[in-house]
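Trainee: Protein sequence lines correspond, in order, to chains V and L.
Following this note's numbering, the numbering of the first sequence begins with -4 at its first residue and continues without gaps.
Following this note's numbering, the numbering of the second sequence begins with -4 at its first residue and continues without gaps.
Source of the hints: derived by calculation from the structure; they are not laboratory data.
Keep in mind it's a predicted model, so treat the numbers as computed, not measured.
Glycine included, C-beta positions come from ideal geometry on N, C-alpha and C.
Warning: the hint list may mix true and false statements.
Only some residues are given here: those of chain L computed to face chain V with a beta carbon under 8 Å [stated by the list, open to error]:
#1 Gln11
#2 Cys14
#3 Arg24
#4 His27
#5 Thr29
#6 Asp30
#7 Gly43
#8 Val227
#9 Arg228
#10 Pro249
#11 Ala315
#12 Gln353
#13 Ile420
#14 Leu422
Simulated pairs of lysine to aspartate or glutamate, EDC-like, Cα-Cα distance not exceeding 16 Å [said to hold, decoys possible]:
#15 L/Lys5 x V/Asp178
#16 L/Lys416 x L/Asp361
#17 L/Lys546 x L/Glu394
#18 V/Lys157 x V/Asp178
#19 V/Lys50 x L/Glu56
#20 L/Lys50 x V/Asp178
#21 V/Lys5 x L/Asp178
Number of protein chains: 2
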Amino acid sequence: MRLFAMSIPKLVDVAQSKCLSDLVVKNVRIFHLTDGAFETADIAIADGIIAGVGKDYEGHEVIDGTGLTAVPGFIDAHCHVESSMVTPFEFARAVLPHGVTTAFCDPHELANVAGTAAFQYFFRAAAVSPMDLRVRLSPCVPDTHLETSGAEVTVADLAEWKKRHPDAGLAELMNVPGVLCQDPQVLEKMALFDFIDGHCPLLGGKALNAYVAAGVRNCHECSHLAEAQEKVRRGMQVLIREGTAARNLEELMPLLTVETSPFCSFCTDDRNPLDVQEKGHLDSMVARCIAKGVPPLAAYRAASWSTANAMRLTDRGLVAPGQRADIVLLKDLEACQVATVIAKGRVVKDALFDKSVQPDGAFSRDSIKLRAVTAADFPFVHSDNASVIGVIDGSLLTEHLHLPTESPEIQRVAVLERYGKNGNIALGWVKGFGLKRGAIASSVGHDSHNVCVVGTNPEDMAVAVNALRESQGGFAVAMDGKVADVLPLPLGGLMSDQPMEVVADQLRTLRQALLATGCTLEAPTLQLAFIPLPVIPHLKLTDKGLVDVDKFQLLE
Amino acid sequence: MRLFAMSIPKLVDVAQSKCLSDLVVKNVRIFHLTDGAFETADIAIADGIIAGVGKDYEGHEVIDGTGLTAVPGFIDAHCHVESSMVTPFEFARAVLPHGVTTAFCDPHELANVAGTAAFQYFFRAAAVSPMDLRVRLSPCVPDTHLETSGAEVTVADLAEWKKRHPDAGLAELMNVPGVLCQDPQVLEKMALFDFIDGHCPLLGGKALNAYVAAGVRNCHECSHLAEAQEKVRRGMQVLIREGTAARNLEELMPLLTVETSPFCSFCTDDRNPLDVQEKGHLDSMVARCIAKGVPPLAAYRAASWSTANAMRLTDRGLVAPGQRADIVLLKDLEACQVATVIAKGRVVKDALFDKSVQPDGAFSRDSIKLRAVTAADFPFVHSDNASVIGVIDGSLLTEHLHLPTESPEIQRVAVLERYGKNGNIALGWVKGFGLKRGAIASSVGHDSHNVCVVGTNPEDMAVAVNALRESQGGFAVAMDGKVADVLPLPLGGLMSDQPMEVVADQLRTLRQALLATGCTLEAPTLQLAFIPLPVIPHLKLTDKGLVDVDKFQLLE
Chain V
-4 MRLFAMSIPK LVDVAQSKCL SDLVVKNVRI FHLTDGAFET ADIAIADGII AGVGKDYEGH
56 EVIDGTGLTA VPGFIDAHCH VESSMVTPFE FARAVLPHGV TTAFCDPHEL ANVAGTAAFQ
116 YFFRAAAVSP MDLRVRLSPC VPDTHLETSG AEVTVADLAE WKKRHPDAGL AELMNVPGVL
176 CQDPQVLEKM ALFDFIDGHC PLLGGKALNA YVAAGVRNCH ECSHLAEAQE KVRRGMQVLI
236 REGTAARNLE ELMPLLTVET SPFCSFCTDD RNPLDVQEKG HLDSMVARCI AKGVPPLAAY
296 RAASWSTANA MRLTDRGLVA PGQRADIVLL KDLEACQVAT VIAKGRVVKD ALFDKSVQPD
356 GAFSRDSIKL RAVTAADFPF VHSDNASVIG VIDGSLLTEH LHLPTESPEI QRVAVLERYG
416 KNGNIALGWV KGFGLKRGAI ASSVGHDSHN VCVVGTNPED MAVAVNALRE SQGGFAVAMD
476 GKVADVLPLP LGGLMSDQPM EVVADQLRTL RQALLATGCT LEAPTLQLAF IPLPVIPHLK
536 LTDKGLVDVD KFQLLE
Chain L
-4 MRLFAMSIPK LVDVAQSKCL SDLVVKNVRI FHLTDGAFET ADIAIADGII AGVGKDYEGH
56 EVIDGTGLTA VPGFIDAHCH VESSMVTPFE FARAVLPHGV TTAFCDPHEL ANVAGTAAFQ
116 YFFRAAAVSP MDLRVRLSPC VPDTHLETSG AEVTVADLAE WKKRHPDAGL AELMNVPGVL
176 CQDPQVLEKM ALFDFIDGHC PLLGGKALNA YVAAGVRNCH ECSHLAEAQE KVRRGMQVLI
236 REGTAARNLE ELMPLLTVET SPFCSFCTDD RNPLDVQEKG HLDSMVARCI AKGVPPLAAY
296 RAASWSTANA MRLTDRGLVA PGQRADIVLL KDLEACQVAT VIAKGRVVKD ALFDKSVQPD
356 GAFSRDSIKL RAVTAADFPF VHSDNASVIG VIDGSLLTEH LHLPTESPEI QRVAVLERYG
416 KNGNIALGWV KGFGLKRGAI ASSVGHDSHN VCVVGTNPED MAVAVNALRE SQGGFAVAMD
476 GKVADVLPLP LGGLMSDQPM EVVADQLRTL RQALLATGCT LEAPTLQLAF IPLPVIPHLK
536 LTDKGLVDVD KFQLLE
């Protein structure tokens, strides 16, 4: 059965002006992503679908499109709603006004905390969202055997959820070594799905061939232009990412041409609401590309059609009949200045957001089962030649450095198991945060979300960690033995229960507290949160200890 | 389940050079359709799939690619194998050497003669073909109520065959008025399929909107550039056609740019073996485009990736890991000179074609159930102002002319019901064949395949028609009361039981006989065969009489 089969009689009538459309955008300049042409016409919409593009359509509701340009709704090709620190409901409120009408989301942050209950929560939230949230099923829960996770998602779980949601693809398959060495569990999970999202930072050559030949279709982890070029040539969709912590747009922009545009997408992966408020979302990626000389056709394709096409959503990505009426009306095409957003035929405005129908996130509360700690729990010993995690601003990649630890450039870092399973506390050293005093702790610690803390001294580290016990997760800053600021994220230790505007304000306050520590990073909490992720090269710290990601094993 | 799931372990190993590939193309220049880049590398193939592209692959079988350029196998986006006048087996023999490794075929010619037995025959032939013949299911059997057909394919038939072949799309939906007026039978047929091929010559404006909104995805009937541009902007894939009779390449070439390339495909629709022998197939379309200034990237995409993508074949169209090993090795990229063809990992050579496994076409023999005719069966009466079918060389469109019939430019035309159902004989007048003497008859008469005959006098028309009774179909030329030449097509009156080389020779002989009649058309038999097709504007003749296609009714 085709999509929208029930609506076809109405669409056929509306298209021929035999009856009124539900909504018509009159006299708007359409930017056609098929050939780059502009056409001034009316867009007639019925049942949330575009019925016709042409002259003299009429409708029950009318938008005057004079002076505006219509483009297809934007599609975030890969994101984790949890990383926006707000609920799916607030996420939609945050991104829809930026023209993002579809987002592929991987609930694996919450799944690592709460297991398949996270899938249920996200599918329920997606069902009532005014934007199209395409929930993927997370294969790597836990990510690896190198950390203690809150939950496990088994092959049988995935099979069960795939049966319930046959259209769901497999979310980012981070276990690259598992594919290359043909781990039977990994292959079993892959075999359940006909669409598999990738995650293969720095992968190239024969290993990349193997990963692609196994059926992985895309990658959002390219941080170098040559890497992205190789991946495109191997048939991968390259999802150009501009998140809060990982920002690859500048580097990868030269990849995006009219030629390559079908094979390029945009995604945010992890972007917090302050960032959305201050910098925008996919709209800002489009604008920045165009400002740097990317042809508008290429930029707008990467923001919509190319992703729809690569992800096999055949009902969107063009302003054309039979397409989902996801339309962005722009005041300015080059600057991607959004005037009005239409999502599935409905104009985006406050009334569209109904909090009463949202699923309850209560199941995810009280997830921080950490004992109170003291400075004695962080028995760091200085060394003349320690393995040090070198953090790079704007990147999730880290360097594996060998340095003496007694330097003002080097800080202490610890990861604490938080599920009450084994009480692991692992210690390490980190360079790049620029802390002069105090400590920063986070219950967001990809992807197992153990508590991680970076600091200049064990006392403040303990204070910061204990603050997160109180708040049931979030971010905490401690200085001089006292809590300086806390941003509570009580849902799974990942998401706030507050509106996105409140969280943005809290992030603004937190930023001040972070500045007071002397921290020089653009997004210190997110950088901290990625310290434990043992699937991104090169050196990471989990609750089990330092991980050499290239060797995919704990450091001796 | 993903495609090729069984092969994944082997692919992953071959990709990493942990074991030998089945076949390796060494040191070949690859033309990447993703970004237009060239890369000299090896292509490693296992289980008919590309495992890896890179340096230093080894294999059990080795092709030296030095000096050659590799591009993905070509895809004919829409054709009727019957129109090649040979069996599917011979069709593959004819087109594979031209690099055509996939063809979407619509068996509706044979289905109009033999019903669903034609589906069975084609699916069986496809199952043993060395090329990938993607059989569509024909919705319009009969085409219309304006003619007598040999068979009917009902909604229930389509449902049954769709169940047997879930991947099959609906073949060209020619009944445009049926869609626009929402004929319940047409909508029922459409509702069975999630992919629907189109056929909507000259359709534009709101009617086009309605047709596309109803779910039709492509059109191969564009004959004007502006028409094709509008269709692309409405989200249709435009299948640029260059057949034997209908040749749109020259007109539509300007449509094909790097910008539009994802939305353009190539197809042949109807091309006979002599044409293939003399002019080539998709290879010649690519070469002609490039010679006229179309960027090679756009031309090669239209010949492969764009079609695979538009038709939702996610396993081909690129030379990249995980893709079906359909590869064309070219001596010359610009001239599209084919050196070697690899189809699903096997080198195309004589040994690949095994006639012994072909399905039997006997069911389709003896399909001409026509009584013997005499000149008295063609009682033409001259008129000063008759409706005359104006044939246009190189086009299937006809003009509706009003002319006096007593002119050397005007010939007689008749269509004779051939299934023994009612013995209908309809008469009309035609301009454009240029006949000076004799008559030409054909049992190929789209799409109901009644016998059609054009001539300068009733005597020769009767001789030509009677010759087809003897041969059980085909083409016949009569002059001076005698049979001048016959090309027998005993399978359904559509296909020869001879090898394609024999048919090409027969066509060459037939061409001489046709020239002797004074006929001036480039492809007179095909032009004749389209005289009865009442779904292509403007004036046509079926066994029921003259049809005004624009009004979709018999002429008063």
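Trainee: None of the hints should be skipped; say for each whether it holds.
Mentor: Quick rundown of the hints versus the structure:
With its C-beta approaching chain V no nearer than about 5 Å, L/Gln11 sits inside the 8 Å limit, and its interface hint holds. Hint status for L/Cys14 relative to chain V: violated, with the closest Cβ pair at about 12 Å, above 8 Å. Hint on L/Arg24 is violated. Least Cβ distance to chain V is approximately 13 Å, over the 8 Å limit. Against a cut-off of 8 Å between C-beta atoms, the interface hint on L/His27 holds, since the closest Cβ of chain V lies about 5 Å away.
For L/Thr29, the shortest C-beta to C-beta distance to chain V is roughly 5 Å, which falls under 8 Å, so the interface hint holds. Interface hint status for L/Asp30: upheld, as the beta-carbon distance to the closest one in chain V is roughly 5 Å, under 8 Å. With a least beta-carbon distance of about 12 Å to chain V, the hint placing L/Gly43 at the interface is violated under the 8 Å criterion. Residue-level restraint check for L/Val227 holds (minimum Cβ-Cβ distance to chain V is 5 Å; threshold 8 Å).
Residue-level restraint check for L/Arg228 holds (minimum Cβ-Cβ distance to chain V is 5 Å; threshold 8 Å). For L/Pro249, the shortest C-beta to C-beta distance to chain V is roughly 11 Å, which exceeds 8 Å, and the interface hint is violated. The closest approach between the C-beta of L/Ala315 and any C-beta of chain V is roughly 3 Å, which is under the 8 Å cut-off, so the hint is satisfied. Violation of the interface hint for L/Gln353 is found here, the shortest Cβ-Cβ separation to chain V being roughly 32 Å, above the 8 Å cut-off.
Contact between L/Ile420 and chain V, as hinted, is not supported at the beta carbon level, the nearest pair being about 38 Å apart and thus beyond 8 Å. Taking 8 Å as the C-beta cut-off, the interface hint given for L/Leu422 is violated, the closest approach to chain V being about 36 Å. As the CA atoms of L/Lys5 and V/Asp178 are separated by approximately 14 Å, the hinted pair is consistent with the 16 Å bound. At most 16 Å may separate the alpha-carbon atoms for a hinted pair to count; L/Lys416 and L/Asp361 meet this at roughly 15 Å.
For the hint pairing L/Lys546 with L/Glu394, the CA-to-CA distance comes to about 14 Å; that is within 16 Å, so the pair holds. Taking the CA atoms of V/Lys157 and V/Asp178, the gap is about 21 Å. The hint is violated against a cut of 16 Å. Only pairs whose Cα atoms come within 16 Å are accepted, and V/Lys50 paired with L/Glu56 is rejected, the gap being roughly 60 Å. For the suggested pair L/Lys50 and V/Asp178, the alpha carbons sit about 26 Å apart, so the restraint of at most 16 Å is broken.
Restraint check for V/Lys5 and L/Asp178: satisfied, since their Cα atoms lie roughly 14 Å apart, inside the 16 Å limit.
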